[in-house]
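Given chain A, put chain B in place with the hints provided.
These protein sequence lines map, in sequence, to chains A and B.
The first sequence begins at 1 in the numbering used here and counts up one residue at a time.
The second sequence begins at 1 in the numbering used here and counts up one residue at a time.
Among the hints, erroneous ones may be present.
[As the list claims (entries may be wrong)] Okay, the calculated bits of chain A under chain B, using three or more residues with CB under 8 Å as the criterion:
1) 102-110
2) 114-122
3) 134-142
[What the hints assert, rightly or not] For lysine to aspartate or glutamate, the following DMTMM-like pairs were computed, each having C-alpha atoms within a straight-line distance of at most 25 Å:
4) A:227 - A:197
5) B:19 - A:174
6) B:274 - B:46
7) B:19 - A:115
8) B:50 - A:174
9) B:48 - A:174
10) B:19 - A:135
11) B:274 - A:115
12) B:22 - A:197
13) A:117 - B:28
14) B:22 - A:77
15) B:21 - A:81
16) B:48 - A:404
17) B:52 - A:3
18) A:227 - A:260
19) B:22 - A:170
20) B:19 - A:260
21) A:153 - B:46
22) A:216 - A:199
23) A:159 - A:197
24) B:21 - A:110
25) A:83 - A:199
26) A:153 - B:37
27) B:19 - A:170
28) B:52 - A:135
Since the hints were derived computationally from the structure, they do not count as laboratory data.
Every residue, glycine too, gets a C-beta built ideally from N, C-alpha and C.
One letter stands for each residue in the lines below.
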Amino acid sequence: MSETILTAKHLSKRYRIGVREKGYKTFREAIVDGFKAPLRNFRRLGRLTKFESGSSSESKEINHNGLPTDVIWALRDVSFEVKEGEVLGIIGRNGAGKSTLLKILSRITEPTTGDVKIYGRVSSLLEIGTGFHPELTGRENIYLNAAILGMRKIEIGQKFDEIVAFAEIEKFIDTPVKRYSSGMYVRLAFAVAAHLEQEILLVDEVLAVGDMAFQKKCLGKMGDVAKEGRTVLFVSHNMPAVRALCPRSLLLGEGAVIADAPTSDTLRVYNETLRRLELDVYTDVMNPKNRRGSGAARFTEIRIEDEAGEKKSKFIMGSTIRFVLSYRTFATVDGLFVGIFLRSGISREFVTSVRYLISDKKTCSGYIGSAVVEFPNVNLRPGEYPLYFQLADGPNRALDVVDDLTLPLTIYADKAFDELGFEPARPSGFFNIESRMIFLQE
Amino acid sequence: MSRVNSSEPISPKIFVHIKPKKGWQLIDFRELTEYRDLFYFLVMRDIKVKYKQTVLGGLWAIIQPFFTMVVFTLFFGKLARMPSDGIPYPIFSYSALVPWAYFAHCIAGSGSSLIGNTSLISKVYFPRLIIPFTPVLAGLLDFCIAFLVLIGMMLYYQMYPTLFALLLPFLVALMMMSASGVGMILGALNAKYRDIGYTIPFIVQLWMFASPIVYPASMIPEKYRVFYALNPMAGVIEGFRSALLGTTEFPIIMIAISAIVSCVLFLLGLFYFKQTERFFADII
Numbered sequence: 001m002s003e004t005i006l007t008a009k010h011l012s013k014r015y016r017i018g019v020r021e022k023g024y025k026t027f028r029e030a031i032v033d034g035f036k037a038p039l040r041n042f043r044r045l046g047r048l049t050k051f052e053s054g055s056s057s058e059s060k061e062i063n064h065n066g067l068p069t070d071v072i073w074a075l076r077d078v079s080f081e082v083k084e085g086e087v088l089g090i091i092g093r094n095g096a097g098k099s100t101l102l103k104i105l106s107r108i109t110e111p112t113t114g115d116v117k118i119y120g121r122v123s124s125l126l127e128i129g130t131g132f133h134p135e136l137t138g139r140e141n142i143y144l145n146a147a148i149l150g151m152r153k154i155e156i157g158q159k160f161d162e163i164v165a166f167a168e169i170e171k172f173i174d175t176p177v178k179r180y181s182s183g184m185y186v187r188l189a190f191a192v193a194a195h196l197e198q199e200i201l202l203v204d205e206v207l208a209v210g211d212m213a214f215q216k217k218c219l220g221k222m223g224d225v226a227k228e229g230r231t232v233l234f235v236s237h238n239m240p241a242v243r244a245l246c247p248r249s250l251l252l253g254e255g256a257v258i259a260d261a262p263t264s265d266t267l268r269v270y271n272e273t274l275r276r277l278e279l280d281v282y283t284d285v286m287n288p289k290n291r292r293g294s295g296a297a298r299f300t301e302i303r304i305e306d307e308a309g310e311k312k313s314k315f316i317m318g319s320t321i322r323f324v325l326s327y328r329t330f331a332t333v334d335g336l337f338v339g340i341f342l343r344s345g346i347s348r349e350f351v352t353s354v355r356y357l358i359s360d361k362k363t364c365s366g367y368i369g370s371a372v373v374e375f376p377n378v379n380l381r382p383g384e385y386p387l388y389f390q391l392a393d394g395p396n397r398a399l400d401v402v403d404d405l406t407l408p409l410t411i412y413a414d415k416a417f418d419e420l421g422f423e424p425a426r427p428s429g430f431f432n433i434e435s436r437m438i439f440l441q442e
Numbered sequence: 001m002s003r004v005n006s007s008e009p010i011s012p013k014i015f016v017h018i019k020p021k022k023g024w025q026l027i028d029f030r031e032l033t034e035y036r037d038l039f040y041f042l043v044m045r046d047i048k049v050k051y052k053q054t055v056l057g058g059l060w061a062i063i064q065p066f067f068t069m070v071v072f073t074l075f076f077g078k079l080a081r082m083p084s085d086g087i088p089y090p091i092f093s094y095s096a097l098v099p100w101a102y103f104a105h106c107i108a109g110s111g112s113s114l115i116g117n118t119s120l121i122s123k124v125y126f127p128r129l130i131i132p133f134t135p136v137l138a139g140l141l142d143f144c145i146a147f148l149v150l151i152g153m154m155l156y157y158q159m160y161p162t163l164f165a166l167l168l169p170f171l172v173a174l175m176m177m178s179a180s181g182v183g184m185i186l187g188a189l190n191a192k193y194r195d196i197g198y199t200i201p202f203i204v205q206l207w208m209f210a211s212p213i214v215y216p217a218s219m220i221p222e223k224y225r226v227f228y229a230l231n232p233m234a235g236v237i238e239g240f241r242s243a244l245l246g247t248t249e250f251p252i253i254m255i256a257i258s259a260i261v262s263c264v265l266f267l268l269g270l271f272y273f274k275q276t277e278r279f280f281a282d283i284i
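One chain only, chain A, in its complex shape (with noise of 0.2 Å):
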């Protein structure tokens, strides 16, 4: 009945990232260098769109000299249809390639191998509020940004006052958005976004933004749209987002399809290889990719212990845990906190949190330490609790975030608390609270 409206065959895509240049050791040594410096850089920055021919996909990280290169491909023979009307759920961890993917099927960076046929206008939502100009007043940008995301003068001139009602803004519509609040800012881009109509539509993360309400507001638009039967592929880490409105999804990992199936299933496969992750400081927690943060301190190691020391990540209710956290500072920083926040596995909004001082005074460049924190106790229900480590200095800057990059908290419950009723699968909360019944009529 619905016909197939996107197909995408053995995509691939390779980027050069700049690798790593080591340190001078001497004054000499950097006065020399800052002269051969040009000749490097002018071969550093040729081969940025260069890369040796005739080698395959699996030899490409290694190098002769067996040390790694440059070279990370971030998609990896990705093929998959979509068919006309449907709502296609694109999820896996940060760095999985999915921003990658949507770029490509935007046509903003051209696939290294591998092809999509698509039948129809694409339209991207990579972020909302593209080209608007701080200069232009609200109705300038209105057709600006709609022209930039695709749509002709005429059919933006027909939607112009649903524009401006949705993002309800009439008021300043001939004042230059740089004296909007950002709320009306937000409004606005995603008002005109929301009125586009093209076949095909690509989403990313964009609806993350603003307030809880503003938030729903983007979902429900999503359904609609869904629901007025075009075509979206739509990438995010809202779980409950995806399960809502994508009937199928594709989990991508190191830039391959994991699975490609009704999204129960793939939310299935996702959680089963987030499990499947070794707690390995090195290559997660090590891996400045996937980190936020301005850098100037960065958690070296994150282990979760039970009591006795032993490295594990699921915990019995009512059990104690302990998080060891050693870090570096890499520059001078003014005051150091570290942070221990619980998201919740379904939501992903934070559950709770810790905070502690390690250091109000400054602290300078190279300095190793370590904390230990301890929830004793701990009385969570059930449930997968992703976790979110931060280290900020004084001022409440976040120095580095590990963000959801370790295994999460597991909290499960012995056998009297599942006669209680308590699933892991389906919680009833996150805390248990202390409370007694003082009055029953029988």
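Chain B in isolation, oriented as in the chain A frame:
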């Protein structure tokens, strides 16, 4: 990536085939016409934004060449007693500064246009060619404003154009072609090597002295003038002066050479830009 009306399953819709590009890239005129509205809005943006929150607004389009003329007249005209083909030095230099200011703004604008629009290039698809052409079109407004002042000066000095003034649109076209050609090359290079951004002001300055702005082309020995005309702005500027002020005979040969060079520059720019545009989003 090609766009054709397909006879495949869903026939009335646009068919897009995304695949790695190999070999020579042709210009997809169909696609360019589809995006003409975007081109229009980007040009309007450049025009509207340029003098926003300034007191003098569009007057800046006059002030810049005008005061450059005053300075040139003082230093080159009065102090250095530079020859000016027998006409008053102010109008001699201003008639050259009008096309030159346009050209200089275009190459500076196009040369940094890709970097200035990084967020667009890395977030949405549209024919990248629009980007370096935007300053070339947007600059025409300033050019026209400055040109009006030139007409005013011609009336003041009572100098009248020759019949060759009918060729002015042709000269303007040459100027736009060479400006966009150079702009495309510099813009594409700048996306990869940021050194270009620092080089552009320097290039513009040198190029100005290689063009007959403060001095007349007649100062160049006859036998070298053919080589001199390899600078496309030399032909354009001399053509402007001759057609509007009737100073010298209309320099047909110089203009012919400049026309050829302009075409070559334009095609070269287009070719280089098309070859490199596929990498812009990855390296910018």
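Straight-line alpha-carbon gap residue 22 of chain B to residue 170 of chain A, limit 25 Å: Violated, because 49 Å separates the two Cα atoms, which is more than 25 Å.
Restraint check for residue 159 of chain A with residue 197 of chain A, where alpha carbons must lie at most 25 Å apart: holds (10 Å)
Given pair status - residue 135 of chain A, residue 52 of chain B, alpha carbons within 25 Å: Judged against 25 Å, a Cα distance of about 7 Å means the pair holds.
Are the Cα positions of residue 48 of chain B and residue 174 of chain A separated by 25 Å at most? holds (14 Å)
Just to be careful, I want the Cα atoms of residue 19 of chain B and residue 174 of chain A compared with a cutoff of 25 Å; is the pair within it? violated (42 Å)
Within 25 Å, alpha carbon to alpha carbon, are residue 21 of chain B and residue 81 of chain A? Measuring from Cα to Cα gives roughly 22 Å; hence the hint holds.
Given the hinted pair residue 274 of chain B and residue 115 of chain A, is their Cα-Cα distance within 25 Å? Status holds; Cα separation ~20 Å.
Do the alpha carbons of residue 52 of chain B and residue 3 of chain A lie within 25 Å of each other, as the hint requires? violated (50 Å)
Is it true that the CA of residue 227 of chain A sits at most 25 Å from the CA of residue 197 of chain A? holds (13 Å)
Would you check the hint for residue 21 of chain B and residue 110 of chain A, treating anything up to 25 Å between C-alpha atoms as holding? holds (8 Å)
Chain B covers the stretch 114-122 of chain A, three or more CB atoms within 8 Å, holds or violated: holds (count 9)
Are the Cα positions of residue 153 of chain A and residue 46 of chain B separated by 25 Å at most? holds (18 Å)
Violated hints, listed in ascending order, are 5, 10, 12, 16, 17, 19 and 27; each of the other numbered hints is respected by the structure.
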